[in-house]
Amino acid sequence: MTQLQITLEIPCANGVQPVQVGVAYWGEVLAPSNPFAELVGEAFARMVPDECYQKYQHLATRLEQNAPLMLERTLLQQNAQHEDAQVRRFWGEFLNALDAMESAARQTLADPDAPEQARVWATAVAGAPTAIADLIDAIPVSRWAWGNQLWLLRRALRNDTSVWKFLWDALPRLRDSLQEPASLVALAMGLGQSKSDYAWDVLEPVLAHPDASVRTAATQAVAQLKESRARDLLRARLHAEPETPVIHAIVEALGAVGEAQDARTLIDYAFEHPHARNPVRNALTQMGTLALPAIDQTLQDTFDDTLKELLIQTLQQIDRPEVVPPLKRMVNPHQKPRVRLQAVRALRALRYNESLPPLTLALGDEDYSIQREAQQALVERGMDAAPVLLDAIQQPAQWEPRMRFSAQWRAGQALAAICSGDESIKQELMALAESYDLNQRWVALTALRYADYPDIGDWMANQLYGSPDTIQLECAMYLRKYPTPTAIPALMDAVRDCDSAVRAALEDAVAASGVAAIPVIQRHFAEWQTFAQRQSLTRILRQIGHPAACSLLEQLANDSDERIAGAAQEAYQHICSGDDR
Numbered sequence: 028m029t030q031l032q033i034t035l036e037i038p039c040a041n042g043v044q045p046v047q048v049g050v051a052y053w054g055e056v057l058a059p060s061n062p063f064a065e066l067v068g069e070a071f072a073r074m075v076p077d078e079c080y081q082k083y084q085h086l087a088t089r090l091e092q093n094a095p096l097m098l099e100r101t102l103l104q105q106n107a108q109h110e111d112a113q114v115r116r117f118w119g120e121f122l123n124a125l126d127a128m129e130s131a132a133r134q135t136l137a138d139p140d141a142p143e144q145a146r147v148w149a150t151a152v153a154g155a156p157t158a159i160a161d162l163i164d165a166i167p168v169s170r171w172a173w174g175n176q177l178w179l180l181r182r183a184l185r186n187d188t189s190v191w192k193f194l195w196d197a198l199p200r201l202r203d204s205l206q207e208p209a210s211l212v213a214l215a216m217g218l219g220q221s222k223s224d225y226a227w228d229v230l231e232p233v234l235a236h237p238d239a240s241v242r243t244a245a246t247q248a249v250a251q252l253k254e255s256r257a258r259d260l261l262r263a264r265l266h267a268e269p270e271t272p273v274i275h276a277i278v279e280a281l282g283a284v285g286e287a288q289d290a291r292t293l294i295d296y297a298f299e300h301p302h303a304r305n306p307v308r309n310a311l312t313q314m315g316t317l318a319l320p321a322i323d324q325t326l327q328d329t330f331d332d333t334l335k336e337l338l339i340q341t342l343q344q345i346d347r348p349e350v351v352p353p354l355k356r357m358v359n360p361h362q363k364p365r366v367r368l369q370a371v372r373a374l375r376a377l378r379y380n381e382s383l384p385p386l387t388l389a390l391g392d393e394d395y396s397i398q399r400e401a402q403q404a405l406v407e408r409g410m411d412a413a414p415v416l417l418d419a420i421q422q423p424a425q426w427e428p429r430m431r432f433s434a435q436w437r438a439g440q441a442l443a444a445i446c447s448g449d450e451s452i453k454q455e456l457m458a459l460a461e462s463y464d465l466n467q468r469w470v471a472l473t474a475l476r477y478a479d480y481p482d483i484g485d486w487m488a489n490q491l492y493g494s495p496d497t498i499q500l501e502c503a504m505y506l507r508k509y510p511t512p513t514a515i516p517a518l519m520d521a522v523r524d525c526d527s528a529v530r531a532a533l534e535d536a537v538a539a540s541g542v543a544a545i546p547v548i549q550r551h552f553a554e555w556q557t558f559a560q561r562q563s564l565t566r567i568l569r570q571i572g573h574p575a576a577c578s579l580l581e582q583l584a585n586d587s588d589e590r591i592a593g594a595a596q597e598a599y600q601h602i603c604s605g606d607d608r
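Quick note: the sequence shown uses our numbering, first residue 28, plus one each step.
Since the hints were made in silico from the structure, they are not lab data.
Some hints here could point you the wrong way.
[What the hints assert, rightly or not] Restricting the straight-line Cα-Cα distance to at most 30 Å, the calculated cross-link-like pairs of lysine-lysine (DSS-like) are:
no., residue 1, residue 2
1, Lys192, Lys253
2, Lys222, Lys192
3, Lys453, Lys508
4, Lys222, Lys253
Start from the sequences and build out the full structure, keeping to the hints where you can.
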């Protein structure tokens, strides 16, 4: 069975007459000369009005005349659209039966008694490559029925790459016989997936087709094939093509087949035609390192910040170590903040060690959002970033003088987040904290404070002696975080001699040790006679909040300075009376 019987209705003689019209699976319309006789018999058929015969003949003629077009639509475009409802219904039935036809083709090949015409069709649809080759030796593809040629092409378009080799000789003529742009689009898309050098000969004329959708599909196929023979034609068409979709396809095709000189052309085109910028970015990304010289030069020369951002995104997508130097140049303070931020984000996305120095450099940016982005990026890189950060803390000359202090601080913060608990980094930071450079000492202590090193309380206490406020503040905040009873004497000495805002932090650190601080306070109680010292004692005892402090608070409540006495009385009432005691 290699034909389909389709029932159609003919409106005539004040009614509707059903008729059956066949169609062979290779597309030949099989219209009977007297369909009414086949349905109702010869006798009754003579009673059918002539009007019905005439309308049937017109229908049969329309079906036959439209067969080549409708075969093209059903087999290549997967649709049966037509302005004539009867033609549309007829070929719609054919379209719906395509899967069943493929099954029938395999059965036909297994039938040794199948007619030759049916075997040709079945071989085109489901035959093995050897069977197709044998058939072509006997009957060239150009002599096959039109439907069989389209069936073989359909098979190739559906990713059966084994049959393309049987089509190359016939394809130029077959291509020129196709009636609709949509069929040429389907052909171009299939050729793009053919992976064959022969596809270029079929595609080249289609690149100049009057229909923009065909030109677009053909250009995209050239890109898929990476057909270098298309370069000159693509270059010529870039500025001559009027249709935007085709232009975008040309741009991306140049990305697939272009040379270094084409990168410069594409960037210039993106500058002049903003609508093409996304395709240009995709094309440059596809060119990879081949596009780097042109991208780098443009980043340094252009005044268009939006173009710079586009090219920075491109460098990120190229994702090679070679993109780091151009990105580093965009972190330069002479660039606009949004350009610098885009460059830092690109460096953050790249996972190369080469990106660590420029990210560290960005810690000294005057824009807070850029500093934060760089710091987060370095933290994400983990231990790989630790040596770079340690080196930057010790050699801060890479940053502008006015930004060095904050940059070193951020480096210390990043190091703390990365190296928490790491013994080797702890030792390096402790060594830095004992250097002669106050900034280095401060940054190292900050990192040690933020990192998870709870076992260096005594060492921190030693750093209090003779140190400036910034150092003492970091030590105090560490000792508040990790109370160390053996550090209390050093803290008390620091509180005693302190006349600045650091005093409150030192008091908090003493109080954090709790009741263990009270014996030390008792030993030095009589020595602390200045207002500031007595005030600190009151605050510390209030924070400790233990009844063991009551006797000391009672003495302070009798202080000659009413401010001390008042604060001590309040603390005494809170700690030492009623339910609180």
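Hint check results:
Between Lys192 and Lys253 the CA atoms are separated by roughly 19 Å; this keeps the pair inside 30 Å, and the hint holds. A C-alpha spacing of about 11 Å is found between Lys222 and Lys192, which places the hinted pair at or below 30 Å, so the restraint holds. Straight-line distance between C-alpha atoms of Lys453 and Lys508 comes to about 17 Å, which keeps the hinted pair within the 30 Å bound. Taken as a hint, the Lys222 and Lys253 pair is honoured in the structure, with Cα atoms around 9 Å apart against an allowance of 30 Å.
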